[in-house]
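Given next are the chains, with one letter for each unit.
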Amino acid sequence: MAARLGPAVGGLSRRLGAGGGGVIGGRVTLALDPSALPRLAAGRRSALVSGTNGKTTTTRLLARALETAGPVVTNAGGANLPYGLVAALSAAPPDASRAALEVDEAYLGRVADAVHPEAVVLLNLSRDQLDRINEVRMLAGRWRTAVSALAPSTAVVANADDPMVVWGAQPARRVIWVAAGMSWRLDASGCPACEGRIVFSGEAAWSCTCGFTRPPVDVWLEGSDMVTAGSSAPASRSSHSAPRRLTLDLALPGRCNRANAAMAVTAAEVMGADAERAAAALATVADVDGRYGVVRVGGAGARLLLAKNPAGWAEIFDLLTPAPAPVVVAINARVADGRDPSWLWDVPFERLAGRTVVATGERCRDLAVRLRYAEVAHETVPDLTGAVARAAALAPPAPPAAAGPSVPPVDVVANYTSFQSLRRLAA
Amino acid sequence: MSPTRADSAVRIVVVHPDLLGTYGDGGNGVILARRLQWRGLAAELVEATSGAPVPATGDVYCLGGGEDGPEARSAAELAPGSPLGRAVESGAAVLAVCAGFQVIGSSFPGAGGAEHAGIGLIDVRSRKGSGRRAVGELVTRPDPALGLPELTGYENHGAVTELGRGVEPLARVVSGVGNGTEDGAEGARSGRVFCTYMHGPVLARNPALADAVLESVTGALAPLDDTEAEDLRSERLAAARRSRPGLWRRVVSRG
Numbered sequence: 270m271a272a273r274l275g276p277a278v279g280g281l282s283r284r285l286g287a288g289g290g291g292v293i294g295g296r297v298t299l300a301l302d303p304s305a306l307p308r309l310a311a312g313r314r315s316a317l318v319s320g321t322n323g324k325t326t327t328t329r330l331l332a333r334a335l336e337t338a339g340p341v342v343t344n345a346g347g348a349n350l351p352y353g354l355v356a357a358l359s360a361a362p363p364d365a366s367r368a369a370l371e372v373d374e375a376y377l378g379r380v381a382d383a384v385h386p387e388a389v390v391l392l393n394l395s396r397d398q399l400d401r402i403n404e405v406r407m408l409a410g411r412w413r414t415a416v417s418a419l420a421p422s423t424a425v426v427a428n429a430d431d432p433m434v435v436w437g438a439q440p441a442r443r444v445i446w447v448a449a450g451m452s453w454r455l456d457a458s459g460c461p462a463c464e465g466r467i468v469f470s471g472e473a474a475w476s477c478t479c480g481f482t483r484p485p486v487d488v489w490l491e492g493s494d495m496v497t498a499g500s501s502a503p504a505s506r507s508s509h510s511a512p513r514r515l516t517l518d519l520a521l522p523g524r525c526n527r528a529n530a531a532m533a534v535t536a537a538e539v540m541g542a543d544a545e546r547a548a549a550a551l552a553t554v555a556d557v558d559g560r561y562g563v564v565r566v567g568g569a570g571a572r573l574l575l576a577k578n579p580a581g582w583a584e585i586f587d588l589l590t591p592a593p594a595p596v597v598v599a600i601n602a603r604v605a606d607g608r609d610p611s612w613l614w615d616v617p618f619e620r621l622a623g624r625t626v627v628a629t630g631e632r633c634r635d636l637a638v639r640l641r642y643a644e645v646a647h648e649t650v651p652d653l654t655g656a657v658a659r660a661a662a663l664a665p666p667a668p669p670a671a672a673g674p675s676v677p678p679v680d681v682v683a684n685y686t687s688f689q690s691l692r693r694l695a696a
Numbered sequence: 015m016s017p018t019r020a021d022s023a024v025r026i027v028v029v030h031p032d033l034l035g036t037y038g039d040g041g042n043g044v045i046l047a048r049r050l051q052w053r054g055l056a057a058e059l060v061e062a063t064s065g066a067p068v069p070a071t072g073d074v075y076c077l078g079g080g081e082d083g084p085e086a087r088s089a090a091e092l093a094p095g096s097p098l099g100r101a102v103e104s105g106a107a108v109l110a111v112c113a114g115f116q117v118i119g120s121s122f123p124g125a126g127g128a129e130h131a132g133i134g135l136i137d138v139r140s141r142k143g144s145g146r147r148a149v150g151e152l153v154t155r156p157d158p159a160l161g162l163p164e165l166t167g168y169e170n171h172g173a174v175t176e177l178g179r180g181v182e183p184l185a186r187v188v189s190g191v192g193n194g195t196e197d198g199a200e201g202a203r204s205g206r207v208f209c210t211y212m213h214g215p216v217l218a219r220n221p222a223l224a225d226a227v228l229e230s231v232t233g234a235l236a237p238l239d240d241t242e243a244e245d246l247r248s249e250r251l252a253a254a255r256r257s258r259p260g261l262w263r264r265v266v267s268r269g
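First to last, the protein sequences are chains A and B.
Heads up: take any position in the first sequence, counting from 1, add 269, and you land on the numbering used here.
Heads up: take any position in the second sequence, counting from 1, add 14, and you land on the numbering used here.
Source of the hints: derived by calculation from the structure; they are not laboratory data.
Certain hints may be false.
[As the list claims (entries may be wrong)] Distance ranges between label pairs, derived from CB positions: (1) B/Lys142 with A/Leu588: 30 to 36 Å; (2) B/Ser121 with A/Asp382: 35 to 41 Å; (3) B/Lys142 with A/Arg514: 50 to 56 Å; (4) A/Pro617 with B/Ala23: 18 to 24 Å; (5) A/Arg514 with B/Glu58: 47 to 53 Å; (6) A/Asp587 with B/Asp239: 31 to 37 Å; (7) B/Arg146 with A/Gly471: 40 to 46 Å; (8) A/Asp382 with B/Arg146: 25 to 31 Å; (9) A/Gly480 with B/Thr195: 37 to 43 Å; (10) A/Gly568 with B/Glu164: 38 to 44 Å; (11) A/Glu491 with B/Arg186: 57 to 63 Å; (12) B/Arg147 with A/Glu644: 33 to 39 Å.
Note that CB positions come from ideal geometry on N, CA and C, so glycine has one too.
Can you build the whole structure from these sequences, using the hints too?
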């Protein structure tokens, strides 16, 4: 009954225009049948993807990689709490024997207990939504409990460059360590093992005097290649014998997405996909739930970028159209964003000097004060559509020879709920 | 005792930004330095990361919020022959926020709840609170002696902080939790030491408090154009008023 009523309510919600229908349907199903998640996951080979940043993108890449081995069910829209997973699984085609599921970092243990995953991908942990999460170390501690309860055969694919992830993944019986990088280190200075101090040396080494240190890695990046260690790795880690190099030819920009892809291919291989075919398939992912896509907002073109915390912003600066192109920055502080936008002070907005930033969103005033102290030229336009229009008016015209629109799309960097609002405006 | 440093740069030291900076608190240092520069005064911003001694020659020391483990680490590093104590004795000011507030006191609850020694710069003791963690908008009315308007900020802490004799609260709670004691105290002040649970950073929303900290070491400062900060203040004060429990909720909760 619950299995049918949930999707029915979801359909009603869609028809009434209340939302995508997935979430409310999942809530109803879960309220009527608390065991819906284990029931719907049973008999499927599942991978869970968690972390502060890159969950949605990595889940998308993993789903595409797994599709090379057969039909896949995934929660592509980023609804990553248990009811979102229930909604996605309820809507799965009957032949989808594999699942790629994004999971909120605070719910990993609960979901793993219900789903019995074959692979768990742990990306990173940093400050985000601190009004809800409170402490990064508390999350890492919960991950330790979660991975301790996994079946011995479950492979944890974990980022060796992030001490908080290593601390969280360490108790797992099978770990594949990936050098996935870490561009934001300020949440990892205090050692989670001993209250000592983690010392980072260079790009890829870190350790504490207590002996807690970066584990030897099984997978790493060299340029756009993903390299996997060979047979010297214990049998419990990588399943193949020869060292291997795969080129990651991605449509998604940036080093962080190559790292996400390496994590996805590794997990896909654990779940029976051919690594070469999986890696090749990733080139077809160009747009992840609206990220990096160009849309029309009002009369202007906007390239949408998501950045919701300092670690996310660390990856954004290099992706922006160079100065003097203006940038729209949209900031909200709803529950899904975290109620407190203090993190704006950890973003080096000083790097936007030389262009005009149009501050928008419900918390544009917090941003305006931050930009004033960063001494970055800015204007405040609370309305999203008006902000994009204002930035388009400030944009230098495209060179006459260039094809296409005379005004290039403006870069819009938005945090979570402001990003969703922009997508709705564009729809 | 009244160091007016017109002859040399005012040195702002952000203490352990790698351990005590979870809530963007490093911004307080940026704000203090900019407010001096905008007035044509020389300012130097020093980030004193952990693992090395904190310079003893600062004029203003800023400490921010942090998690339990890093907080304990910071206190352990600052404790021996605390340069902060010596600097304050020779006229420096301190802005200590959240975990930083706890660290400069006598004791605070470490990870797991065990009592941890602070550096004893002021007589305040923090202990594990019995109720829910204090998370949300905080509005307070500052000590009238400071001549400051209402303060607005955001708090996120689990501890309750008791003030010892001779330590005044920075402000009284209008809405939110603050120190968590019966008397509605928020933060602490003792001479040039300013403490608060308003992270945020607190100075972004409260430029008058920023100037009060600065003026405690520089003397009177010229006014600045704070239109944008005032817009933010009005918005946050209005939002806090809206979110206060209305009459109907109080009636319902009395049952």
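Review point. What are the numbers of the hints that this structure violates, sorted from low to high?
Key: 1
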